[in-house]
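Given chain A, put chains B, C, D, E and F in place with the hints provided.
Single-letter residue listing:
Number of protein chains: 6
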Amino acid sequence: MATVRLLGYDEASPEARAVFDEIKAARGVDDVNNFWKALAHDPATLRRTWDSLAQVMAPGALDPLTKEMLYVAVSIANGCDYCIHSHTAAARAKGMSEAQYQELLAVVGMACQTNALVSAMDVPVDSAFLVK
Amino acid sequence: MATVRLLGYDEASPEARAVFDEIKAARGVDDVNNFWKALAHDPATLRRTWDSLAQVMAPGALDPLTKEMLYVAVSIANGCDYCIHSHTAAARAKGMSEAQYQELLAVVGMACQTNALVSAMDVPVDSAFLVK
Amino acid sequence: MATVRLLGYDEASPEARAVFDEIKAARGVDDVNNFWKALAHDPATLRRTWDSLAQVMAPGALDPLTKEMLYVAVSIANGCDYCIHSHTAAARAKGMSEAQYQELLAVVGMACQTNALVSAMDVPVDSAFLVK
Amino acid sequence: MATVRLLGYDEASPEARAVFDEIKAARGVDDVNNFWKALAHDPATLRRTWDSLAQVMAPGALDPLTKEMLYVAVSIANGCDYCIHSHTAAARAKGMSEAQYQELLAVVGMACQTNALVSAMDVPVDSAFLVK
Amino acid sequence: MATVRLLGYDEASPEARAVFDEIKAARGVDDVNNFWKALAHDPATLRRTWDSLAQVMAPGALDPLTKEMLYVAVSIANGCDYCIHSHTAAARAKGMSEAQYQELLAVVGMACQTNALVSAMDVPVDSAFLVK
Amino acid sequence: MATVRLLGYDEASPEARAVFDEIKAARGVDDVNNFWKALAHDPATLRRTWDSLAQVMAPGALDPLTKEMLYVAVSIANGCDYCIHSHTAAARAKGMSEAQYQELLAVVGMACQTNALVSAMDVPVDSAFLVK
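Chains as they are written, first to last, in numbering that gives the first Met the number 0: chain A, 0 to 131; chain B, 0 to 131; chain C, 0 to 131; chain D, 0 to 131; chain E, 0 to 131; chain F, 0 to 131.
The shape of chain A in the complex, shown without the other chains (with noise of 0.2 angstroms):
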């Protein structure tokens, strides 16, 4: 169905099995998820962006399962499938209960719904909200 044929470990270039087992070992798992093997036809934006999402992914400020469920609403405000369902399985695997993603999807269904409003009658800002 992808528009390009998914690389196994077996296919893929050297550069791009040197990510794979990046992630394998990072993510204890024996094998990568199909995002990966799409991307692995381009050694240099797979490795930029695994770097990339390690980076922005690592524990900070915010706590890992924090990221993964913005990570989760805007997947959903961008109606992309695959992410929903990879990013959604990932928060739970990271602890999300059934409890906090209900919570989340009524936020991002209300999130949807007033952003139409304003958008729709064009609200001015207010300034109690800039920055000084």
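The hints are simulated quantities; they were obtained by calculation from the structure and are not laboratory data.
Built from N, CA and C at the ideal position, the CB exists for glycine as well.
Check each hint, because a few of them may be wrong.
Stated by the list, open to error - Beta-carbon label-pair distances, calculated as ranges:
| id | chain 1 | residue 1 | chain 2 | residue 2 | range |
| --- | --- | --- | --- | --- | --- |
| 1 | D | Tyr8 | C | Arg26 | 49 to 59 angstroms |
| 2 | B | Ala53 | A | Ala60 | 20 to 30 angstroms |
| 3 | D | Ala127 | E | Ala43 | 22 to 32 angstroms |
| 4 | B | Lys93 | F | Ala60 | 39 to 49 angstroms |
| 5 | D | Arg16 | B | Ala25 | 26 to 36 angstroms |
| 6 | D | Ala127 | F | Tyr8 | 35 to 45 angstroms |
Unchecked claim - Capping the alpha-carbon separation at 27 angstroms, the derived lysine-lysine pairs in BS3-like fashion look like this:
| id | chain 1 | residue 1 | chain 2 | residue 2 |
| --- | --- | --- | --- | --- |
| 7 | B | Lys93 | B | Lys23 |
| 8 | F | Lys23 | F | Lys93 |
| 9 | E | Lys93 | F | Lys23 |
| 10 | B | Lys93 | A | Lys93 |
| 11 | C | Lys93 | D | Lys23 |
The following block gives chains B, C, D, E and F in isolation, referenced to the frame of chain A:
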């Protein structure tokens, strides 16, 4: 600039004023934001939106700051300027540090990039992501 | 602010002026809106856009006001400020009452919310919805 | 395929069943659509969504068919497959003719084109469009 | 799966068949794609869409491959699966190499990321970008 | 107007200044654009974004102008005003003629229209488009 006039307290209907009063009490503010003044032309939508928002954003399995950051993330993905400003301000008021904000931005940017790459290649969902 | 200068009647090419004349005659106005002045740099696109719009928005199985309200709804969902303002004004000029406008806003907001909830959960299409 | 299991009547909580019963009665159907079965994991969101939808879609200044067509238009612009199918089916059930449907499609397509052209050139809003 | 039946040549109206014939001749193919079969329910939209597309995609100041790649990029940003597949296939048929495709993907992904970061912070437009 | 203050060279951290210096050298300019001044609050994201952009936009299988036009097309589809202005200006600086720009606009507009029509009808992907 808006498609409707913003209704101040004095111009609003009794039903709208009642919602304004609830918002002011709940938030401890002297006046409501422009969004509510724009919605006040339709007291039914004003009431429904406020009641829904109060229910959805109340503390629960997720804390109010996490909910507010999810709201910011969705508003960014939807490109709603007003909502971005109002909910970024709200998240800061609820304690979001600048370091947390910067990480939120990085996650949202990264999600938009991989959402696009995945959609571009129509990557099939891994069976491991599916709910049993 | 635009990425192109807006072309007034005196600056426009004869092909563009011909379209301007048709628009002014069809709408009974003295001057065309900024959209047409921006498009006038490319008379072929100006002509194609005006002809298509005239064909699509003509009275048919749907009346002109319903078509205009659909245009507003799509412009809101796409977050196009200019289009929201121009088509909201056009709908009002075609008779949209404020009560109708408020209901339009409520429907659009509700649709954006349930669109998000459905996408979030990737709900499978009911077989009853499918065309035989 | 969904990120949650669809809950049938027998599995749903009493609060969810009560909403299911209202939907079935209001629509005169034997079972609710998949959307509601997916929402049933969170009876509060199920209740709020159904109540809001019933309020928003009720006959008012706009007739139910016009509201349903607006819903279809927004769902198309948001690219929500499920919603497109469910609301197109609902609009047909409420009397949308195929000729009306074809005109709806033409308007939505045209709006998406001019929305893009306007955004591309960042056309300034004509002062004539502004609300006094 | 579609919301309309796909109309084959034998079922199509004479006006629709005339467009089918033009498409087959222009592209040197035996049958038209599903998009055209779906549009055939409305010969006016079928005709307008084909004529517009032929005009817009013809060689001009931009070569056909560049135009096709722009079409792919927009389809990705809009998340239209069918269009992504059809225009990626068309770009390959017009000579897009896999290396070019990989760079297109990288640019689109990068653009979606910086678009989000910019929107998130509502960065003011530099005066140097403005058209004099 | 932004959600963060724009940081000038004097206020930026040494890590941020180093990136500013690279940008100024690479582009032969005296000062960096507002985007970079907004990003400078988070030197890690500033660095990652600049390095990624430099890698992705470098000449390769696609020439820099084609890449810049793809960037414009995506920014239009995403409705990012700042990005539309900055990348349209950049494309012109790289040699995009006004005739090329007008054709780009026409392609983007057309793509948004057919994307919407296809999504509206949920047209199934032709098997001929699929990668073997």
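Cross-check of the supplied hints:
1. For Tyr8 of chain D and Arg26 of chain C, the hinted distance range of 49 to 59 angstroms is satisfied, since their beta carbons lie about 55 angstroms from each other.
2. One distance hint, 20 to 30 angstroms for the beta-carbon pair Ala53 of chain B and Ala60 of chain A, holds here, with the actual separation near 28 angstroms.
3. One distance hint, 22 to 32 angstroms for the beta-carbon pair Ala127 of chain D and Ala43 of chain E, holds here, with the actual separation near 31 angstroms.
4. Taken as a hint, the range 39 to 49 angstroms holds for the pair Lys93 of chain B and Ala60 of chain F, whose Cβ atoms sit roughly 47 angstroms apart.
5. The hint said 26 to 36 angstroms for the Cβ distance between Arg16 of chain D and Ala25 of chain B, and at roughly 32 angstroms that hint holds.
6. With their beta carbons about 44 angstroms apart, Ala127 of chain D and Tyr8 of chain F fall inside the hinted range of 35 to 45 angstroms.
7. The straight-line distance between the Cα atoms of Lys93 of chain B and Lys23 of chain B is roughly 17 angstroms, inside the 27 angstroms bound, and the hint therefore holds.
8. Using a Cα cut-off of 27 angstroms, the hinted pair Lys23 of chain F and Lys93 of chain F holds, with the two alpha carbons roughly 17 angstroms apart.
9. Proposed proximity of Lys93 of chain E and Lys23 of chain F is contradicted: the alpha carbons are some 38 angstroms apart, above 27 angstroms.
10. A distance of roughly 24 angstroms separates the Cα atoms of Lys93 of chain B and Lys93 of chain A; the hinted pair therefore holds under the 27 angstroms criterion.
11. Proximity of Lys93 of chain C to Lys23 of chain D is assessed by CA-CA distance (about 38 angstroms); at most 27 angstroms being required, the pair is judged violated.
In the structure shown, a violation is registered for the earlier hints numbered 9 and 11, in ascending order.
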